[in-house]
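**Student:** Here are the chains, one letter per residue:
Number of protein chains: 2
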Amino acid sequence: MLNAVERKIEQFIAELNDENSSNLYKQIPHGKRLRAKLILLVSNSAKFAIETSAVVEMIHAASLLHDDVIDNAFIRRNKPSINAIYGDKSAIMLGDILYSKGFYELNNINVEVSKVISNAVVQLSLGEQNDVIMAKEFNSNRDNYIKMIYQKTASLIEASAEAGAILANEDREIYKTYGKNIGIAFQMIDDILDITSSADTLGKPAMHDFKEGKTTLPYIYLYEKLDDSDKFELISFHAKDLNNDELNWLLDKFKEHNIIEFCKNEAKELVVEASKLMLKEGNEALLKIAKDMIDRDF
Amino acid sequence: MLNAVERKIEQFIAELNDENSSNLYKQIPHGKRLRAKLILLVSNSAKFAIETSAVVEMIHAASLLHDDVIDNAFIRRNKPSINAIYGDKSAIMLGDILYSKGFYELNNINVEVSKVISNAVVQLSLGEQNDVIMAKEFNSNRDNYIKMIYQKTASLIEASAEAGAILANEDREIYKTYGKNIGIAFQMIDDILDITSSADTLGKPAMHDFKEGKTTLPYIYLYEKLDDSDKFELISFHAKDLNNDELNWLLDKFKEHNIIEFCKNEAKELVVEASKLMLKEGNEALLKIAKDMIDRDF
Chain B
0 MLNAVERKIE QFIAELNDEN SSNLYKQIPH GKRLRAKLIL LVSNSAKFAI
50 ETSAVVEMIH AASLLHDDVI DNAFIRRNKP SINAIYGDKS AIMLGDILYS
100 KGFYELNNIN VEVSKVISNA VVQLSLGEQN DVIMAKEFNS NRDNYIKMIY
150 QKTASLIEAS AEAGAILANE DREIYKTYGK NIGIAFQMID DILDITSSAD
200 TLGKPAMHDF KEGKTTLPYI YLYEKLDDSD KFELISFHAK DLNNDELNWL
250 LDKFKEHNII EFCKNEAKEL VVEASKLMLK EGNEALLKIA KDMIDRDF
Chain W
0 MLNAVERKIE QFIAELNDEN SSNLYKQIPH GKRLRAKLIL LVSNSAKFAI
50 ETSAVVEMIH AASLLHDDVI DNAFIRRNKP SINAIYGDKS AIMLGDILYS
100 KGFYELNNIN VEVSKVISNA VVQLSLGEQN DVIMAKEFNS NRDNYIKMIY
150 QKTASLIEAS AEAGAILANE DREIYKTYGK NIGIAFQMID DILDITSSAD
200 TLGKPAMHDF KEGKTTLPYI YLYEKLDDSD KFELISFHAK DLNNDELNWL
250 LDKFKEHNII EFCKNEAKEL VVEASKLMLK EGNEALLKIA KDMIDRDF
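Chains as they are written, first to last, in numbering that gives the first Met the number 0: chain B, 0 to 297; chain W, 0 to 297.
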């Protein structure tokens, strides 16, 4: 079914009848298509599941194109990003084209699905903005972090699961909660991997987030554990290019206070909550997606 | 009724529940609200006319935010643009927020209106891309220019008139044609004003387009009239910061070949076509909008 989604995206792009957009789109490497998988699995491939999946993946691609411009990110999935190769302007414009074509196609599906997906895009746009604003200062507020990653990452994953449920006439709330939980866990794990992975396995420099000003969950929890003098030290490292001694200080402190384990457990708890819902529904495939998320690269 | 549109936009922005977006939005100067006027006048203020107008003006504002980033434009309506004050990233993100909120609200209106508006956003996104691509070389092809300004500017004006007709159960094709004609004329006139106005009346440097690589209609027609040696001279001026002698050469050639008059007449013809349709419909207000367009600043 994922192949059918790829063909549908290609069809939507071809309908633009615009050579430049087609050429640029071909150069975006596919991700894992998590959102499409959720829609297909939750909806049990009901009518419009392929179209909805294609739209959501186009919208997701659009959001990544704009994110990479905003984050000055030149690597995406181990390849140079579109903004790295063709400049920011090309990435902005291709993002706008994919967004608008996606929104247009929602009109041919179902108004409830369209509301859920477009509301998620509002949330992810707000989340991207809040991510940037929050990066200006060290953030020690866990709730603000959770709200921001919900908006930036979980909202479209949540919407994908809910849209699948709408298409299949299943209980929207159950799948929405499932999607929200694995979506928040997904971003938490991503943020942990920024600290635990080397540049090679993730395809981006390790501990890049904090240098960019992003106070992710491990930093928030570390801050809570440190004494006042060390708190001051941690804040002084915010949004800075750290030398080896400083990096090692950070890694030692993470270890001393068992922060990474603690954060992993928090992500796992969310996935367990999501899994319980799928156990109850007897949906093995969605259980497996949740399980694979925890196992990812740790 | 335009006041009601402003209030509706403010409501939509307030619903985002996001302080930063509200603050930024307040700093965008309003334009003439041409698109809202068209929707209100064509629909005779039918049900959803206010909501549709608000959405279209939010989408228009979003497109200008992104255009100003893409064109490196620091002046918009005689004021510093959002990208000039807060940087490109803020303008991109606010644009995404306004776009997505606009698309979300279309779901609460009418699926036909939603299709027409979102298709126009696809077109204007493609048009912006083509504008940038075409600016890389001197363009002597009138059809490519007309297609690009149709996409970039006329598509949303056309869609506004058509959406108004849908809301009021009027003949869609008539108002669509009216909107397309005045939309193309609007951009032609804008492009002429870039040559005929001083920086003071338009709020941007005169003859800025050609310096940016944009071969607008007057340059295309001038090219057609010039002998081979002067053609070569004209092309050598493309996308260059011209000195006074070169600028005067250009202005002399425009005058010698009566180019500006010729272009104005072409724009007028489109407006006359649009006016004939409104004469037939007996719609005085839309006749006046067309007339005012021709009179604009010439």
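Calculated directly from the structure, the hints in this document are not laboratory data.
Do not rely on the hints blindly, as some may be mistaken.
If several chains are the same, the list does not tell them apart, and a pair holds so long as it fits within one copy or across any two.
What the hints assert, rightly or not - No farther apart than 25 Å at their CA atoms in a straight line, the calculated lysine-lysine pairs in the DSS-like style are these:
id : residue 1 : residue 2
1  : K290      : K135
2  : K7        : K279
3  : K263      : K275
4  : K88       : K146
5  : K175      : K275
6  : K267      : K78
7  : K46       : K78
8  : K25       : K135
9  : K88       : K239
10 : K230      : K114
11 : K135      : K46
12 : K290      : K7
13 : K279      : K146
14 : K290      : K46
Here the structure is a predicted model, which is why all the values come from computation and not from measurement.
**Student:** Work down the list of hints and note, for each, if the structure agrees.
**Tutor:** Here is how each hint holds up against the structure:
In this assembly of identical chains, the alpha carbons of K290 and K135 never lie at most 25 Å apart, being 35 Å within a copy and 50 Å across copies at closest. Proximity of K7 and K279 under a CA criterion of 25 Å is satisfied in neither setting, with 33 Å inside one chain copy and 44 Å between copies. Taking CA atoms no more than 25 Å apart as the test, K263 paired with K275 passes inside one copy only; the shortest distance there is 18 Å, against 69 Å between copies. In this homomeric assembly, K88 and K146 come within 25 Å of each other (Cα to Cα) only across copies, at 21 Å, whereas the closest approach inside a single copy is 30 Å.
When the C-alpha separation of K175 and K275 is checked against a cutoff of 25 Å, the pair qualifies only within one copy, where the shortest distance is 14 Å, while the shortest distance between copies is 54 Å. Proximity of K267 to K78 under the C-alpha cut-off of 25 Å is found in neither arrangement, the shortest distances being 29 Å within a copy and 51 Å between copies. Neither within a single protomer nor between protomers do K46 and K78 lie at most 25 Å apart by alpha-carbon distance, with minima of 35 Å and 50 Å respectively. Taking identical chains as interchangeable, the C-alpha atoms of K25 and K135 lie at most 25 Å apart only when they sit on different chains, with a minimum of 22 Å there against 35 Å within one chain.
With identical chains, the CA atoms of K88 and K239 are at most 25 Å apart between copies only, with a shortest distance of 20 Å across copies and 28 Å within one. Neither within a single protomer nor between protomers do K230 and K114 lie at most 25 Å apart by alpha-carbon distance, with minima of 44 Å and 54 Å respectively. When the C-alpha separation of K135 and K46 is checked against a cutoff of 25 Å, the pair qualifies neither within a copy, at 45 Å, nor between copies, at 44 Å. With identical chains, the CA atoms of K290 and K7 are never at most 25 Å apart, being 28 Å at best within one copy and 45 Å at best between copies.
Taking the shortest Cα distances, K279 and K146 never come within 25 Å of each other, neither inside one copy (27 Å) nor across copies (56 Å). Proximity of K290 and K46 under a CA criterion of 25 Å is satisfied in neither setting, with 27 Å inside one chain copy and 49 Å between copies.
Violated hints for the displayed structure, listed by number in ascending order: 1, 2, 6, 7, 10, 11, 12, 13 and 14.
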